[in-house]
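Novice: Starting from the structure of chain C, add chain B where the hints point.
2 protein chains.
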Amino acid sequence: MEPRLGDISGPARLAAAGEAISLEELALAARNHGLPLEALRYDLSPPGLHYVLTHYDIPAADPARWRLRVGGRVREPLTLDLDALRSFPAVTERVTMECAGNGRALLSPRPVSQPWLVEGVGTAEWTGAPLGLVLAAAGVGPDAVEAVFTGADHGVERGVEQDYRRSLPLPIATGHDPRVLLAYAMNGDPLPPQHGCPLRLVVPGWYGMAQVKWLREITLTATPFTGFQQAVAYCLRQEAAEPGEPVSRIAPRALIAPPGFPDFMSRTRVVRPGLVRLEGRAWSGHAPVVRVEVSTDDGRSWADAALTPADDRHPWAWRGWQHGWTASPGRHVLGARAHDAAGHTQPLDQPWNRGGFANNLVRRVPVLCVEDGSLGADTRKP
Amino acid sequence: MEPRLGDISGPARLAAAGEAISLEELALAARNHGLPLEALRYDLSPPGLHYVLTHYDIPAADPARWRLRVGGRVREPLTLDLDALRSFPAVTERVTMECAGNGRALLSPRPVSQPWLVEGVGTAEWTGAPLGLVLAAAGVGPDAVEAVFTGADHGVERGVEQDYRRSLPLPIATGHDPRVLLAYAMNGDPLPPQHGCPLRLVVPGWYGMAQVKWLREITLTATPFTGFQQAVAYCLRQEAAEPGEPVSRIAPRALIAPPGFPDFMSRTRVVRPGLVRLEGRAWSGHAPVVRVEVSTDDGRSWADAALTPADDRHPWAWRGWQHGWTASPGRHVLGARAHDAAGHTQPLDQPWNRGGFANNLVRRVPVLCVEDGSLGADTRKP
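Chain order of the listed sequences is C and B. Under our numbering, the first residue of the first sequence is numbered 1, with each subsequent residue one higher. Under our numbering, the first residue of the second sequence is numbered 1001, with each subsequent residue one higher.
So that you can see chain C by itself, here it is in the shape it has in the complex (with noise of 0.2 Å):
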């Protein structure tokens, strides 16, 4: 029988109405990680925390053999080493990132690909060469208007063979708000293979897809890139034939850092009676966070939580934030809900598109208030 492409690699589709998650999208699941959402306790997410979507395969590199190019409409193609990107001013910026696809198993219908929760975000230092000052060099032609990044990573995805690549326009490669690293490091280490060893390219604010890893070429263009992961995937669409709105920057959303402890299965949130101290993170691409509000009553009543102080040395971090609940025995919800000070919130109705981007819904999250001692003990303790 003649293979049949179609059998391994088909279109992108919506799960049917109560299809419960298949086998691929648990083999996604298990490949790539979220951030336990108890680590959103540490201010910088250590590599093994912090989310990881790889599109096709980690590629086996070898830093000391690795070679960025950059051509295309260029004065002087260059070829460059990781030496020669840390002969350029180091630059740090701590980011956090967040996959474009985050949320997207909560939405219904729900559309079949990595079937992120809410837990698809990082952050972290990320030290590199300034892009704007790698093109400089190379010189950029009068007619170029979008820098094209190629990753190492190869793969086929709804039936289209390629390496994964995406392109920013020039405005947004060379300018400084955000500026756009070739990052070499990641909080102070060599990236880990699953981070893009050696180099990948970070542009703070942006969703993950814009984070190209495992860099090697950098190729600058008169006509705008149309490839698959820009014209096809990772656009806002609510019928598959529109053309969309291409995801860019990370829309705002808090998340709560979950209170007590847990049930293994469930997951559900276990607390005490009493004064519980809830905490988390929140963040925004389009602008610092401003105000966050909580509920503990599914959303009926909100209250402003307070803010850690703002950092302006680290506009594209996430900010903390704390709120004191007092819980009483019994079932509850929580939620937070970030804004930012562009003005941009998070919505309480599901923003819902055929890819199932940006979909910051507030999260609920379940909570069972008990007193002490009326759970099972594992009295069988030595």
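Take the hints with a grain of salt, since some may be wrong.
Claimed, not checked - Short derived list, chain C residues pointing at chain B, Cβ under 7 Å:
id, residue
1, Tyr56
2, Val160
3, Pro169
4, Ala222
5, Pro224
6, Phe228
What the hints assert, rightly or not - Footprint (simulated), chain B over chain C, 3 or more residues, beta carbon under 8 Å:
id, segment
7, 152–158
8, 188–201
9, 266–275
10, 316–325
11, 364–377
Please keep in mind that the hints were generated in silico from the structure rather than gathered at the bench. Backbone N, C-alpha and C define an ideal beta-carbon position, used for all residues, glycine too.
Specialist: Structure of chain B alone, referenced to chain C:
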């Protein structure tokens, strides 16, 4: 309404026929994570690629204030900080660690718990103080029969509130085959939070449930420990009422580093016609791997793979293997099967039990072999 524990913490159960993955199972898969199988290429799995399974939450831990208490049936109870533990002779062991539930989600019927496919594995070098020396310093009481290990991970499981707690018989705890470690370093660095920072137990050759993380207490007891994680969970049972056989050492398994490149959604591998070098790793907690067989025709025939030379320095680490395969256009199913020196191998029919433990059924790896250019290429490249 009275809070009902049963609403948040139910008994163990099996999925119904045709019941797909639930959101609860997905939530576990999103928090915990497996080894992306291309990472089989690394002798040592970096922290973010090594599998992680946390029963409850990753505890907040301050290494400077961490204390290990050693008590119970000892002559002199001890309270040890990390410096005290580092004052014992440091031992480093390279260990392949695997979750006891690895393979669970492939069982039929499927036990509902952390839904591993086959990625729940990793290899690291763990450095620490030999447990036997620490117990000798405390003085093992004449009536002590077991050592009980308590972690700081706290939660509810199947209706029982508990700290994560497991035991070892004293002959295992103080023995040399394997040598049990109180580990404070992973691959030469302090433990990352998700791997037990600042201290964990490492029992080479045993499944992950024995490797108690965030270790804060060791208690020698005069009777065998019968706590939840020892006598309820982690036992092989066909019927719920059986006492069951405790899970201990890792059953043999071989995995293939996926050849070629993947389809994003189905994860099916794509290779070109011609010679394809298959390689992977194989391990067993009973004895060294002495043979790996490979099938490229869905198990109809098997051929011996070439093994990397045995390395006496690392008896508890996986062993590499390679096999040449001449791929022809079409669909193929690959498989690999490990044999250890003690005569254990992998079954060709699922070794089912209610907990879904130790499922080392040979993994089927579907591959599509096509000529270059037969997949739709991303022609819109720059």
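Novice: Against each hint, give a clear statement of whether it holds in the structure.
Specialist: Status of each hint after checking the structure:
{"no.": "1", "hint": "Tyr56", "verdict": "holds, 5 Å"}
{"no.": "2", "hint": "Val160", "verdict": "holds, 5 Å"}
{"no.": "3", "hint": "Pro169", "verdict": "violated, 14 Å"}
{"no.": "4", "hint": "Ala222", "verdict": "violated, 10 Å"}
{"no.": "5", "hint": "Pro224", "verdict": "violated, 10 Å"}
{"no.": "6", "hint": "Phe228", "verdict": "holds, 5 Å"}
{"no.": "7", "hint": "152–158", "verdict": "holds (count 5)"}
{"no.": "8", "hint": "188–201", "verdict": "holds (count 4)"}
{"no.": "9", "hint": "266–275", "verdict": "holds (count 4)"}
{"no.": "10", "hint": "316–325", "verdict": "violated (count 0)"}
{"no.": "11", "hint": "364–377", "verdict": "holds (count 8)"}
Checked against the numbered hints given earlier, this structure breaks hints 3, 4, 5 and 10; the rest are met.
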